[in-house]
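Trainee: As a plain string of letters, each chain reads:
Number of protein chains: 2
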Amino acid sequence: MQKKMIYFDNAATSKPKPAEVLQAMQHYFENIGTSPGRSGYNLAITAGRIIMESRERIAELLGVPDPLEIVLTKNVTESLNIATWGLLEPGDAVITTAMEHNSVIRPLREREARGEISLSVVPCSPWGELDLTAMERAITPQTKAIFVQHASNVTGGIMPLEEIGAIAQRHDCLLVVDGAQSAGALPLNLANSAVDIFAFTGHKSLLGPQGTGGFYVKKDVAKQMKRFLCGGTGSRSEFETHPEFLPDKFEAGTPNTIGFAGLNAALKFLKNEGVTNIRAKEEELTAFFLTGLKSIGGIKIYGPADAKKVLPAVSFTIEGISPAEAAETLEEEFGIMTRVGLQCAPLAHRTIGTFPTGTIRFSFGYFNTQEEVQTGLLALKKITNSNR
Amino acid sequence: MQKKMIYFDNAATSKPKPAEVLQAMQHYFENIGTSPGRSGYNLAITAGRIIMESRERIAELLGVPDPLEIVLTKNVTESLNIATWGLLEPGDAVITTAMEHNSVIRPLREREARGEISLSVVPCSPWGELDLTAMERAITPQTKAIFVQHASNVTGGIMPLEEIGAIAQRHDCLLVVDGAQSAGALPLNLANSAVDIFAFTGHKSLLGPQGTGGFYVKKDVAKQMKRFLCGGTGSRSEFETHPEFLPDKFEAGTPNTIGFAGLNAALKFLKNEGVTNIRAKEEELTAFFLTGLKSIGGIKIYGPADAKKVLPAVSFTIEGISPAEAAETLEEEFGIMTRVGLQCAPLAHRTIGTFPTGTIRFSFGYFNTQEEVQTGLLALKKITNSNR
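Heads up: the protein sequence lines correspond to chains A and B, in order. The opening position of the first sequence corresponds to residue 120 in the numbering used here, with each subsequent residue numbered one higher. The opening position of the second sequence corresponds to residue 120 in the numbering used here, with each subsequent residue numbered one higher.
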C-alpha cells in the first residue's frame, strides 16, 4: 500500500503548484511555442506579451510602478550574481550578515578571493537576529552596498528590512535584498523603500515553475551597474555591443517563455488569493507547528520560534538523533519529505550553532493543511519517544 | 476561416516539439515537482536523476564519454558567457569570424570595451565562407582562443570545424564553438576533436523547451577557467566558496528541472529518429527549397545556397520589396511565419552585404513537410510576380 506523502520542503521549492500553472504551460506548448521579442509575426508577438506580462505582474506584486525595472532571469542566484558582478567595483567594500545563503555569500566570496572587494560579515545572535548596531558600525567610506536576505531559508527568520534600509540610506549605501524566501510569502511595497535591488525566484512562494526568476532594480542603480550576461536581445540588433537600457541590459538569449507562461498563471493565482491571506494561512500553520513542537521533549528549535517573526520554515534538532537519521525515519515511516543538513547555508548554521550537521527543516506552503502539520507533530513525538 | 499556418522560424526556436516533451513536463509537474540534488528523500533524488539523465543523453549525442563534462545552463548565451568570462584573462587575444551571432560577439565586445582582451574578427566572403588563411595569419602569441559558430543562423552555412580545429591545435589555441544551430541537426563526435568548449541550446534542433541549454567542456580546460555564476550547488554545502569540480563549478541555484525533463524526452526522440536521418530529411527540404527558389526571378539568395553546405536556414531578399514588407505579406496572405531583418547577427549581415535591412529567412525543422515548402515557394512566386 502506498503511503500518503506529505511535502514539507517548500522552502526548497513549492509543491504542488496551482493547476493553472501547468495549464498555462500546456497552452503555450500547444498553441504558441515561439520565441519572444525576436520576430514580427503574430505568434512571436504573443510570446513577447507573455514576457511583458511577467514583468507587469511581478512589478505589481512587488509594489513597483515601472515593469521595465523588472529583469527576468533563470533563478534568484543568477539575479544575485548580476548584482554582485555588476554593482561592485574593485576597491568596494560590502556588508552582509551571518545568516546568508550561499547564493549571497559565494559570489561575494569569489570577488573577495580575486582581491576585488572586501567583505564584512555582521554577526547575528544564536537565534539568527541581526545586530543592527554592529551593522552600522561595520560601515566604512568604502562600503558600496549591503547585501542581506529578507528571510532565512534555515530558521525562517525575517530580517528588519526597514531598519537596515534606514542604515543604508544614512550612510549612502546601496541595499541589495535576497528575496528568495519572501517574494510571494510577504506583502511587499518596494517603490518607496530603501531597497535598490530585490532578487527573487519563481519556483518558491511565487508558486511558479523552476527556471524562472528575476530582480527589481531601480533605474538609477541600473545605470551604475556593469553588464553581466551579454548576447542577443532582439533589440538594437544592429549593434555588436549589448544595449544599456532596462531590462535588456541584464537579459540575453532566448528566455524560458514556457516557464514564464507558467509563472504568469501562478502570479494571477497569488493575486486572486491575496498575499495577505496567504501570509495569514502560513503564519497560522507555523504557529500551530511551533506550539506543538515546543510541547515535545528533546527537541531544540532554532531561530525566533515565533510565527509572527518567521516565514513558514522551522529548523530544529532532536536530542540523540542526527538530522539525517531523522529524515530517513520521517520519510520511510511517515511519508514526510523534509530537508535536513546545511540547506546551502553554512554561515547561518555556524551562527545558530548547528554546523556542520545542520538541522531538520520543516517548511510549509500554501497548500499544506493543519492535518498534515498535525501528522508531522505526531511523527516527531513518536521519533523522540522511541529514542528514549 | 482560419488559415493553416506554416512555421518557418525553426532557427529561432523549433516548433512544434515532439508531444513526448510536454508529456514529460506534465509528468514532472504532477508526480515529481521537487528540487534536484538538494534533499535526501526519494522524490528529490528522482529530480536529481532527471538532471543527470540530461547530462548523459547530451554527452551521448555530442559523442563525449564523461557526462560530468556537460554543464547545464538556461541557454546557449549563458554558456558562451561562461566561456568568455571564464576562459579569457586580461591581455589575452581572441579570434572570431565575421559571421558570428551577437551571442558570441557581444560578450567578447564587452570584454574588449573594458580593455581586458583584444579581438580580431577574421573576414568571410560575401557568401559567408571563412578565409582559413586569414584566420591562421591572425593568430599571435597572445591568442588564447578561437570563438566560432558551427553554423550560421543567417545563411545556414556550416563552418569548416575540422580545419579550424587543426589551426587551433597547430598554434596551441583553445577552440570554443557556438553550436546553437548545429546541436541535434548534425551528427557530432566531439570526444576526439579539437573542440574544447561546445555551447548548445535545448530549444532549437534539440527539440526541447526554452530555458534549457549547456555546454561541453574538456576537464583540463575547465580547470583553467574562472567561475562565473556562484551560489548554492547542493554540493560541499559546508563551504562558503563555490566548488571547483565539474559540473558544479559552472552551475548555481535551482536548475530548470521541469525544462530538463522535457529536454530528456526530446533527446530520447532524437535518438530514436537518429540525427543522421534528421539531417537527411532537413537537407532534402532545403535542397527542394533552394531549387525552387533559384527558379524564381528577382530573388537573391545569400550564403552557400547548397543544401549539403548549410543547415536548413536560407536567407534571401526580393527585389523591390523590403524584408519587413515581405514578412507581412507572407503571414497575412499565406500564413507563413518567418524571421526577417538582422536575426541578432549584424556582423554576418555586413559580411553578406545585407546590413542594415537584413534578409528574409526561411528556416525549416524536422516536422516541416515538402508540401509546406512548396506552399512557401508558391507564395514567394506570387509575391515577386505581383511586384513586377
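Treat the hints with care, since some could be wrong.
No copy labels: a pair is met if it fits in one copy or bridges any two.
[Stated by the list, open to error] Straight-line C-alpha distance at most 16 Å; calculated EDC-like pairs for lysine to aspartate or glutamate: (1) 428 to 235; (2) 345 to 235; (3) 123 to 149; (4) 338 to 359; (5) 337 to 363; (6) 428 to 339; (7) 342 to 452; (8) 337 to 235; (9) 428 to 357; (10) 337 to 185; (11) 500 to 208; (12) 413 to 235; (13) 123 to 357.
Rather than coming from a laboratory, the hints here were simulated on the basis of the structure.
Trainee: Hints first: check each against the structure and report whether it holds.
Mentor: Verification of the supplied hints:
For a Cα distance limit of 16 Å, the shortest separation of residue 428 from residue 235 qualifies neither inside one copy, at 36 Å, nor across copies, at 47 Å. Within a single copy, residue 345 and residue 235 get their C-alpha atoms as close as 15 Å, and across copies as close as 14 Å, so both meet the 16 Å cut-off. Proximity of residue 123 and residue 149 under a CA criterion of 16 Å is satisfied inter-copy only: 15 Å between copies versus 33 Å inside one chain copy. Neither within a single protomer nor between protomers do residue 338 and residue 359 lie at most 16 Å apart by alpha-carbon distance, with minima of 23 Å and 31 Å respectively.
For the identical chains of this complex, residue 337 and residue 363 are intra-copy neighbours only, at 14 Å inside a copy versus 34 Å across copies, given an alpha-carbon limit of 16 Å. For the homomeric pair residue 428 and residue 339, neither the shortest alpha-carbon distance inside one copy (32 Å) nor that between copies (48 Å) is at most 16 Å. For the homomeric pair residue 342 and residue 452, neither the shortest alpha-carbon distance inside one copy (55 Å) nor that between copies (44 Å) is at most 16 Å. For the homomeric pair residue 337 and residue 235, neither the shortest alpha-carbon distance inside one copy (24 Å) nor that between copies (28 Å) is at most 16 Å.
Neither within a single protomer nor between protomers do residue 428 and residue 357 lie at most 16 Å apart by alpha-carbon distance, with minima of 51 Å and 26 Å respectively. Taking identical chains as interchangeable, the C-alpha atoms of residue 337 and residue 185 lie at most 16 Å apart only when both belong to the same chain, with a minimum of 9 Å there against 44 Å between chains. In the homo-oligomer, the alpha carbons of residue 500 and residue 208 never lie at most 16 Å apart, since the shortest distance is 52 Å inside one protomer and 57 Å across protomers. Taking CA atoms no more than 16 Å apart as the test, residue 413 paired with residue 235 passes in neither setting, with 46 Å inside one copy and 58 Å between copies.
Proximity of residue 123 to residue 357 under the C-alpha cut-off of 16 Å is found in neither arrangement, the shortest distances being 57 Å within a copy and 33 Å between copies.
The structure fails hints 1, 4, 6, 7, 8, 9, 11, 12 and 13 (numbered hints given earlier, in ascending order).
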